[in-house]
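Chains A and B, in that order, give the protein sequences. Take the first sequence: its position 546, counted from the start at 1, is 546 in the working numbering, and no numbers get skipped. Take the second sequence: its position 187, counted from the start at 1, is 879 in the working numbering, and no numbers get skipped.
Keep in mind that the hints were calculated from the coordinates and are not lab data. Treat the hints with care, as some may be off.
As the list claims (entries may be wrong) - Heads up, simulated DSS-like pairs for lysine-lysine below, C-alpha to C-alpha not over 25 Å straight-line:
1. A/Lys321 / B/Lys800
2. A/Lys35 / A/Lys201
3. B/Lys921 / B/Lys745
4. B/Lys712 / B/Lys965
5. A/Lys339 / A/Lys350
6. A/Lys35 / A/Lys61
7. B/Lys977 / A/Lys320
8. B/Lys866 / A/Lys286
9. B/Lys866 / A/Lys192
10. A/Lys192 / B/Lys965
11. B/Lys745 / B/Lys965
12. A/Lys321 / B/Lys712
13. A/Lys118 / A/Lys35
14. A/Lys192 / B/Lys741
15. A/Lys195 / B/Lys800
16. B/Lys866 / A/Lys320
This structure is a prediction, so every number in the text was calculated from the model and none was measured.
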Amino acid sequence: MNALLEIGLEHLPARFMAPALKQLETLTAQLLDEKRISYKSVESFGTYRRLVVLIEDLAEKSADVQKEVKGPPAKLLKDANGNFTPQSAGFAQKNGIAPEKLTVVETEKGPFIYAVVKIKGEKTVKLLPEIFTRIVTGLEFAKNMIWEETGLRYGRPIRSLIGLYGNKVIKFSVAGVTSNRNTYPLSSFGRKPIKVQQADKAAYAELLRSQPQPVLVLPQERREALIKTVSNEAKVRGYRADLDPELVEETVWFTEHPVAVGGDFELKFLTLPKDLVTTVLKKQIKMFPVTNDKGELQPYFIAVRDGISVNQNEVRDGFKKVMSARLSDAVFFFENDKKEGLEKFKEKLKNVQFLEGLGNMYEKSDRTQKLADWLCEKLGRGELSRTVDYAASHAYADLASHVVYEFPELQGYMGGQYAALEGRQDAAKAMEEFYFPLTSSSALPSTDEGCIVSLAGKMDTLTGNFLIGQIPTGSEDPFALRRQAFGAVRIMLEKGMNVSLKELVEKSASLYPAGTPDKGLKELPGFLFQRLALVLEQRGHKAATLQAVRNWYEMPLTQVEALVSALETVKTGEDFAQILEPAKRVCNILKKADNVTETVDEKLFELPAEKALYDKIHEVDASLGCAVNTAHTQEEYVRILKTYSAFREPLENFFKDVMVNAQDPAVRQNRLALLARVRRYLTQTVADITSL
Amino acid sequence: MKNGMNFQDMISALNTYWTKQGCVLVQPYDVEKGAGTYNPETFFGSLTKKPVKRAYVEPCRRPADGRYGENPNRLGKYYQYQVIMKPAPANIQEIYLNSLKAIGLDPKQHDVRWIEDDWQSPTLGASGVGWEIWLDGMEITQFTYFQNMAGYALNPITVEITYGLERIAMYCQKVDNVFDIRWNDEITYRDVHHEGERQFSHYYFEESNVDHLRRYIQECEEECFALCKKGLYLPAYDNAMKLSHYFNMLEARGAISVSDRTNNITKIRNLAKACAKAYVESVEKAEETKNEEAAK
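Isolated chain B (complex conformation) (with noise of 0.2 Å):
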């Protein structure tokens, strides 16, 4: 007998349940990204006081992590499954256990521990407050109130909620290899993933060139800029996603100092502001418009 769901069926089986919990669907944000929280749906997302409720898959690429293939648990790209919704509904602590039980993981039959862990991105000028979820020690879930985006003060509060997919998957098909995770009946994750894995992690280890690289971050920094003046807070945002990679390809050759390192993250924090002060000026301005018309 197999051991747990497939790769695909369990994004699959998340997909249905959160349908049901009346989220969009949205599909990955087509830019290189580190993690989930910098989507547009949830950097924008979070910053008024629109409601959202959104669930997709982001793929994450994390240089530095890379290991070509080699390591049992680590990856340069991997998967989360990231849920936002605003406001928080009261009883989403229960909602989030029963989507465990979509996955195969009847929460009665684990050990299911809150550990307090209050996220914060320096990047992103953001922080929140909540939990990593620990499944019999393993830890599967970011659970997050966010408090803070681009250091704008949030109310209502939009609650994250961050899935580990290889992590789960490997536990529940109980493989030690995040590359033996079945991804269908057929295919594993290794036919999927080894050969960029290795691939990716020479070029972001050896061949990667560093001079074009910081030519790019000068770019996209010079374009984020004057997008957001602009008010194209959209491509504006790319170009800050785009930059904030760069940088992360940048470290992974050890081409960052410490004072460097500083530096950069207030370089992208400062971008994103500018991104997020530009969405917000535009959100503010519309309904100023349709409340005069209204007046009107």
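Bound conformation, chain A alone (with noise of 0.2 Å):
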């Protein structure tokens, strides 16, 4: 038989519902676990004013279990007589079994008394009263209130619970609401009960469907509902409705029913930059923009009512008085803003602070412009300079403006539009793609100024955050550190800019003001490392290899990347597998042993071992020549890499007839030495081998 439970709420906020509906699923099946009683399977659904669980083919009892209890050391179990001690007796009177039928097992620690205590199954019927009063008070939401005296805490108001095992109602109350077999009509269509007859979710979602005002309680019915009646409605017109993923899935959540209801909107509206209007309909009203076939926004909306069409006409023009509205107020800040301007709003930030003690967006506008300009000369791109300049040091006017005040979402593209507004379209794509990439895996600016003056940003950023000790700790990051680091990382390796982290970030930190204080600077090069580790994960290596990479630090990351590919290369072959052991083993040895130094003395060898290991240092250093300095791409690694192994050889033959703790000290040190020369080699070479 089956089982089926429903929470009836109050209106449960849309972004609490996927976690709800997961919980209710995990919550279930580890309260069936914990009580022993097997199902088919748990399914969660629902809408926000019905979570919903049903438990397919779940069986009438709980299973039978054994379980072995271990009690005190078995020289308790009977005393000199031959009767059971009062450790034993009350051993087995805890366990509720006779003492005779206590066992003795030998255990690691010797022998010991031992429980076997059965445990019966009961009656599915009798515990689901508690499994679903747990169930209900086990769901954890971002925000709770108590509304009632009982004080339970919890997402919203529950106002119904319904509790079925087959067709018979399981009783039990939560919040001083009893269970029963009623659920109700959508919110404001009564609430006269519809009864649920058995636990079936065929059953139940059909009952509900054919109610005179239908309620679609399986989500993806829904949201294909959703999808459907909002493309119609476009298609009516001949347009294409925007069905932006964040938007279905807030209204699959906030409607039992979606039903679209469009309608015109002044063509005036259509002036407005693209993104500010669907911004508006999107996040204000809830509302899905329309295109014609070639991605023009058009003057249409199609808002989403909850239930089926009645009055239609009057709700649309509803609809369409709020929206006009809406718009009609961002008309007003982009005029207002319009007629202010980037420079007006340079000035403004002047008074909006950046970081507490770090003085004001106007400084870190300037700081920016010097750092992408920096850059500009660095890279060799002289040509983007101009572009770069302005765009740079006009980066965060669009802050003080008043559509981004009200619209924050809207920062760095209002900035583009006011740019190509004053005339400055060369510069208006790298300020509308300021922030970007704005998830891990989203799009780098499209424009190389672009790159440029996002990398400044963000750079300064950091450098800024971690001057004043603020750095990310466990899941705290309130400024985004990690997303800025990921995107600063992905600029430099995938744009292949030729500059190293450390430069970048000693720039960044040279434009700060003299006597800026220094609270965690030397922290921010470890940062940076896990940032680059996670992009080359990313990428396809793997990211403990760049652990070998010494100087990654000082390197420009295409190079580094190149690095950590030609190590993964090498390190598949069998030569590098038999250089990584004695490798290892010099590191070891030289570890243990005090004032090391690189000095050699040829006339202290004793053996022809210690002469064959000096002379392939120097045979393998000739042969690289200063390929060691030039090397950039991962086949001039690759070449350098192979030669490590020819130490193999020459190391085991040290290993295996030279002594190196010799009795005379110079000797000893000679030897070393010898092997610190070979250390470095295979250390520092290119890249330290030993960690891999």
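Assembly of the complex is requested from the two constituent chains, each provided in isolation within its own frame, with the hints serving as guidance.
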């Protein structure tokens, strides 16, 4: 038989829904396992007013179980007279068995008394009230409230509960509500109970679907219905709906039966920047914008109402009025902004604080401009400097605009719009995409200018935060520094910028005024290292390989990646595996030794193996020439790394024939020096293979 | 045919409806305030275990929102219709939806949305959980289960329903300008309030005396604390409300800096807390006395 639990609630916020349904499933499975009741499947679904979980083929009894409980040591079983001791008798009684039933089991710590306890299964109908109660009370929400005297903390008030096993009501109570078989219509359509007869998913969904006011209780069905109704509404006019996935998801969770209502808006609103209009529609009033086949925004909106269409025209007029008022506000802000212009906004940044103790956003603009200019020169991209200079120095100006104040998500975008309006089309794209990439995998700024400006801004933010010791820990990262560092690394790597993180950080820090306190800049390289490792991982490398690249901080990131690729290539070779062991042995010996120098005196050699090893260093050195210093491609690194295995044989002979700890301290120090030379070669030439 | 109810009929209809729900109709409180929540009925009413059911119209003053009567949607003084019920009835959502019917808005004929919106008032040290209610996309009501008031965690819980009367009237009467709302069959909102909007905008934005306001604020603060100490929490609270209004006036005058603002909000919150404390203590003391007498 199946079981069904429905929690009837006042309107749960859309954002609570997905997590609540997920918990409902895991919590149910967990409790059924705890109670040892077998079942075929657990599935949750629902709407913002009903959270439902259906358990398929729930056994009628919980399983019998036999448990072995460890008691006192075996010597306490019986006393000298052969009677059970108080300890063993007490232990038996505690476990509900006769002392005669106790057994003795050998354990690692000697023999012990054991009680074998049999627990009989119970009827599921007896267990379900507790299980249902614990499922209901076990859900956690992002924000909780109380509303009745028991003080249960919950996402929104519980107003009804259904507990069914087959066709039988399971009685239980939570927060003053007792379960029955009643569910209720859409919230605006009264409280006449709808009786659920059976714990059956299809029947339950159909019962709600077939009401005079249908409720689509299955989220997937609702999602499909939503997409269909919105698309159709657009199609009627020959338009295409902009089915923004976020808005679709939100709408699925705040409707029980989505119905599209489309309407025109005035053409004059199309003179607004496109993203401004769509942001007002999607974010403020949760409506879908539409476009034509070319993706151009059309003067039409599609609102979604909850419930089937009655009085559609009046509802449409209402939506129209609200939308018109909101877009009029947007026009008002936009027109005011245009009157002021970017230069004036930039001035206003003097009153906007950047970070506690680090001055204002105007000063940040200045530093970003200088850093971007420096990058341009460093990268030999002088031809971009005019655009980069303007874009960087105005990148933050739109933060002082009215539109961005009202719609913070339009930061960057609006700056680009205003720049274009002021005749700086060349800088518009770079400013628009200043905050790119917005997520770890989304697009970088589409232009080279944009990448330079964006990188400069991010680096200045990172440097500033680390200077004042505002360093992300655990889940705490209020300024999204991890994302910014990740973006900075991606730009440097994917754009093949010929600059190292070290140069960039040092330049960025030098732009902060003299006397700026430094509470944590030394932590920044380690922080960047972690982001770099993640970026490399995203690009198909092993994050751990980066450990071997000693000079990652001083090298352009494309070169770091070439070396990482080279290491990963040679690592799989047999030769390489054979040099790894001796190399580690060299390091271990040196780790224990004191006062090691790298000055080798050939005259102190006593055995041929020493000389052979020494000669090998020179031989390999000579064969590589200056390749070590000029290498920057994967092929070049591979060639160098392959020379490492030349040390295998001389090292093996050395360890076989030579005692490093010679009696004569001079000879001992000479041998250590020789090994130190080898170590330098194997760990510092281009990479430290011993950390692979 | 005329659209929708007259403004005064709408208020009458709400009065009738909530009277039937057992609410005491109290009248507006005669001290300036920014929102119906400041009314002592709500502020003190939510604090203790005593059941409360109240409904009232509350004029609210928001000096900075004044537009000289020239903006079709903005007013420096407007009306809220406020309902509070403690404990919150289990079918309060249904009761509310039926109240819309009483003013001619059948929820079945419209799209009624409950959009998550957790109200809070830093000045009152108050917060709640609830929704703003959208009718065909327009916000018409704030619906809140209070959780905290003046820093006290509440239980039993008061539900507060605040209707935006002008917005609802504009919607029902299908007018685009607030001043075109029919008050009754002869008189419009313009006739009643336009001149007030004009004059008070001049006062709030240009004529109010900043030095006087700063002095009033100081005096109100002193008076409030002094009265609290004597257990006279009602006049003390009047002074807190007045201070809050003077502060809003200063803000409309552009005479408040960011740090000023934070300081003043903290100041008002402390006053509200002192009043609440004096009230809660007096209720507890009365309980004790009652129990002692019963024990005799």
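Just to be careful, I want the Cα atoms of A/Lys35 and A/Lys201 compared with a cutoff of 25 Å; is the pair within it? It holds: about 23 Å lies between the C-alpha atoms, which stays within 25 Å.
Pair hint outcome, B/Lys921 versus B/Lys745 [Cα-Cα no greater than 25 Å]: Distance of about 29 Å is beyond 25 Å: violated.
Hint check: A/Lys321 vs B/Lys800, CA-CA at most 25 Å. Holds or violated? Since the Cα atoms of A/Lys321 and B/Lys800 sit roughly 20 Å apart, the hinted pair holds (cutoff 25 Å).
Straight-line alpha-carbon gap A/Lys192 to B/Lys741, limit 25 Å: With a Cα-Cα distance of about 32 Å, the restraint between A/Lys192 and B/Lys741 is violated, given a limit of 25 Å.
Taking 25 Å as the top limit, are the C-alpha atoms of B/Lys866 and A/Lys286 close enough? Since the Cα atoms of B/Lys866 and A/Lys286 sit roughly 23 Å apart, the hinted pair holds (cutoff 25 Å).
Between the alpha carbons of B/Lys866 and A/Lys192, is the straight-line distance 25 Å or under? violated (32 Å)
Agreement of B/Lys866 and A/Lys320 with the hint, judged by alpha carbon distance not exceeding 25 Å: Cα-Cα ~13 Å, so holds.
Restraint check for B/Lys977 with A/Lys320, where alpha carbons must lie at most 25 Å apart: violated (56 Å)
Pairwise hint evaluation, A/Lys35 against A/Lys118, where the allowed Cα distance is 25 Å at most: The given pair, whose Cα atoms are some 15 Å apart, holds under the 25 Å limit.
For the pair supplied as a hint, A/Lys339 and A/Lys350, is the alpha-carbon distance within the 25 Å limit? The hint holds at about 19 Å.
Check the hint pairing A/Lys321 with B/Lys712 against an upper bound of 25 Å on the C-alpha distance. This hinted pair is violated, its Cα atoms lying about 33 Å apart.
Given the hinted pair A/Lys195 and B/Lys800, is their alpha-carbon gap at most 25 Å? holds (22 Å)
The structure does not agree with the numbered hints 3, 4, 7, 9, 10, 12 and 14 stated previously, though it agrees with the rest.
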